[in-house]
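K.L.:
Chains Z and A supply the protein sequences, listed in that same order. The numbering of the first sequence is our numbering, which starts it at 1 and goes up by one. The numbering of the second sequence is our numbering, which starts it at 1001 and goes up by one.
Simulated from the structure, these hints should not be mistaken for lab results. Just to be clear, a hint being listed does not mean it is correct.
[As the list claims (entries may be wrong)] To give a feel for the contact side, a few chain A residues facing chain Z, derived at Cβ under 10 Å:
| no. | residue |
| --- | --- |
| 1 | 1435 |
| 2 | 1439 |
| 3 | 1441 |
| 4 | 1443 |
| 5 | 1447 |
| 6 | 1451 |
| 7 | 1459 |
| 8 | 1461 |
| 9 | 1487 |
The C-beta atom is built at its ideal place from N, Cα and C for all residues, glycine as well.
What follows is the residue order along each chain.
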Amino acid sequence: MNRPKTSCETKTVLIFRLACVRPGRFSLIIKGAAKCATIDGGRRLVSTSEAQAFVEFDRVQKSYDGETLVVKDLNLSMPKGEFLTMLGPSGSGKTTCLMMLAGFETATNGDIRLDGQPINNIPPHKRGIGMVFQNYALFPHMTVAENLSFPLEVRKMGRSDREAKIKHALDMVQMGDFGGRRPSQLSGGQQQRIALARALVFEPELVLMDEPLGALDKQLRETLQFEITRLAHDLGITVVYVTHDQTEALTMSDRVAVFEAGRIQQLAPPDELYEAPINSFVAQFIGENNTLEGVVTAIQGDQCTVTLDSGDIIDARPVNVSAVGDRTKVSIRPERVEFNRERLHADAHTLKAEVLEFIYMGDIFRTRLRVAGSDDFVVKTRNAPDQRRLKPGEQIEIGWLPEDCRALDA
Amino acid sequence: MTDATAQDAMITADGTPLKVSLNRALRREKLRALMLIAPLLIFILVSFIFPIGDMLIRSVQNGMVSQVIPRTVTTLEDWDHTSGETPSEEVFQALTRDFMIAVERKDHTRLGTRLNYERTGMSSLFRKTGRRVDDLGEGYTDQFGDLDPAWEEPMTWVTLMGHPDWIAAQAAWDGEGAEPSFRLRDGVADVLPRTAEMYAAFAQVVQVEDEDSPTEEEPWHIVYASLYEDLQADGVDVTSLSAPILTAALEGSAAFETQSMRDGFIEIEEDWADPEVWGTIQAFSSPVTAGYFLKAVDLSLTPDGVEPVADNLTIYVELFWRTMWMSMTITFSCILLGYPIAWLMANLPDRSANLIMILVLLPFWTSLLVRTSAWKVLLQRQGVVNDTLVAIGLIGDDGRLALINNVTGTIIAMTHILLPFMILPLYSVMKGIPPSYLRAAKSLGATNVTAFRRVYFPQSVPGIGAGSILVFILSIGYYITPEIVGGTKGVFISNRIAYFISDSPNWGLAAALGTILLVVVLALYWAYDKVVGIDNVKLGG
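Work the whole structure out from these sequences, hints included.
P.N.:
Listed below in structure tokens is the structure:
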């Protein structure tokens, strides 16, 4: 979670020259082409250059039993070459979306378009979409080379062409010497590399990945995360990646779609998603987050005052509240909490806090506080030479910059 | 152990070699495991392995001829059946003695039945001879009686042959409790070997079979005949027995009229003059025989060697062949019918799959006999299937199909009965094939057919293998269903085995047929292992 975000940001900027117009807004401009992203109800916020969309979900709904909708109303459009991650808890509909795109599930309603063509009625094998599965799905009765040869054979490619492509694909994932092995003779990481090579060997423009690293250990996962993003970038392929691991989503993607209850809750680049969540679900789901509940008592422009249930008054930025009197959940990241009075605005509201627990974590200190009647308010501080180490039982005062505290829906 | 290896061997902290230490640690575990399986192991051994082993040994066992007529078998060794002549008088004398004892022990009918498997008529020959064999040698009894009436007194024989201790014990016996077993007098067997042997046999039969005392029974005629033979032998010296009556008999018997046992037998039943009868006895006199196995493959062991049986009598090779191809047909039908069901079950949600599973297992909850009988009702000429076909006009009333009491009936009923054994392993293997394989294949560009053929089917082969082995082996030994619906044309080798076990007992042949069946199954199993690999057989995920 505390992985340096610079690489991610750099990459994003490099590839797309992304410009976050203003924090708190969820539209962005990429290479001058405005893309659209909707949060709910099909409210289309920006809609220009539809022709540039490579993958497009248009008001897609899906129901398995005819009573409940698994995917409620999905509108999504991706340009060519984008790495988009669908992130969400299990049962949020993200995998169903991926399966509809791959053709293994049919949309109950709405259109899915690939390169402008509706693909609802095209069978999976004619869509030409590469796919990587969580359990690798390497055919156990074939060698690695035969696995890679399979998509080329069904495309009736000649032997010499096949061999060249297989060799190239294996080299690409640094598995050049493993062509004669059986999948069962490979480790999990090696199998996933092969699965990746197999999904890429027939040169699809779109590759879908369904939690491909879910079964691997942490270290291997990080190596492969890097390799997948590198490959996607080098080959210029469009990737739709499904995961429930937010770190993975943040580090790999150009944009992340956070799914919950069959809807995209927020679709944004990783930094925006973390720093500017637009509702309390996203705030809770991405990263660690402190939540305090209260009522909005004043709004002036992009600043508001919230009276907490405990009676304390704090400053916040109104994001998902519209009027005075609304109930709200304010969200503040643990690393943005200040207990050094000098760093706050002179007129900033502060809260009294009692230190309950101090945890030394090496690079950071994690301090648990009792604030406004809540026992699980967390503060994270960098392990710097001049950093104060709080002691349990200590009474302190905490505050934050108003723009770091977001008043969201209750 | 050399120094080098001693240094190489790993040593535990207390100095014992690691291997010893490990073995000690594992011994308890192994013992525990053994204890857990011991009850089942003993049960299987006692109730299954030993009886089957014993049964299989019967396929080559042939002790009966040499047990029941040992003297005949010994004397017959030199006889050459190709000479076309009946054996010598000596053989008939031996046969008389064997027969006399066998008759008293009622063994001669068993032997007759046994030899009847090899040559018809032997059973009645033995029974007929058994009824009259005790008359043979009567002439000697009369001649000894004429010489000295004392020979007809049981006590004369007792004093001559019996051990003094036994005679005393026998005299003291009051008819209650165990009768003292007869003992031969010392030395008598050296002087009069045949007589001693026969009298001892006589005494034993009287005591054990008849529960009488030899002191009150006149010996068999054959004992007199044996005495005559002994007395006529060269250089016989009866002085050591110090019995005056015997010395007198030695002199008197020289003038006796010789009785031919050979003529006696031929007079009882002229088959005894037939060299073929003797050839059969000789061919089956060894304690181990290949006769049953030869018979089981439509060959027969004749005095002239191994010969194929007459064409109109061949049955077993055809039966084996029929058992094989019908079992294969049944296995194949099971694959055809079971594969789609298993596939459906593996791909449906658990609830629906369970419902189908119950339907698949439903037949197991009804008795096999009931299911088979139900097929009888369904398939018969006036049965449900034929009635339906006639009703919808597919066949005419006069063209009703023969679906039962033939090969068709057996195949239909057995496919139905064995289907679950195909579906279950198929299902469990298919359940273990993740749906993502098919999806992966399709995403890689394969059509449904290609994806199935190249990705799904090869992975389901272990299930087909397991199901096929199961169904084939079960069907090859099936008995009840072919018995009920098979008629004459649709029965299996197992029905023939059952026939020889109960209806017309010939356990040796039944054992030989069973052994061949077992060997065929093992050979197929071995071939399957070579071709497909037994590792590829999976009964579960």
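K.L.:
Min Cβ distance, residue 1451/A to chain Z: is it shorter than 10 Å?
P.N.:
This hint holds: residue 1451/A lies near chain Z, its Cβ roughly 8 Å from the closest one there, short of 10 Å.
K.L.:
Under 10 Å is the threshold here; is the Cβ of residue 1487/A close enough to any Cβ of chain Z for the hint to stand?
P.N.:
violated, 44 Å
K.L.:
Does residue 1459/A pass the interface check with chain Z, least Cβ-Cβ distance below 10 Å?
P.N.:
holds, 6 Å
K.L.:
Closer than 10 Å between Cβ atoms is the bar; does residue 1447/A clear it against chain Z? Give me holds or violated.
P.N.:
holds, 6 Å
K.L.:
Does residue 1441/A meet its interface restraint, that is, does its C-beta lie within less than 10 Å of any C-beta in chain Z?
P.N.:
At 7 Å from the nearest chain Z Cβ, residue 1441/A passes the 10 Å test, so the hint holds.
K.L.:
Given a cut of 10 Å on the nearest C-beta pair, is the interface hint for residue 1443/A held or broken against chain Z?
P.N.:
holds, 4 Å
K.L.:
Let me know if the C-beta of residue 1435/A comes in closer than 10 Å to any C-beta of chain Z, holds or violated.
P.N.:
For residue 1435/A, the interface hint holds, since the closest Cβ of chain Z sits about 9 Å away, which is under 10 Å.
K.L.:
With chain Z as the partner, please determine if residue 1461/A meets the hint condition of a C-beta pair closer than 10 Å.
P.N.:
Hint holds; residue 1461/A Cβ to chain Z Cβ min 8 Å, cut 10 Å.
K.L.:
Just to be careful: measuring from the Cβ of residue 1439/A to every Cβ in chain Z, is the smallest value less than 10 Å?
P.N.:
Status holds, d = 5 Å.
Of the numbered hints listed earlier, the single one contradicted by the structure is hint 9.
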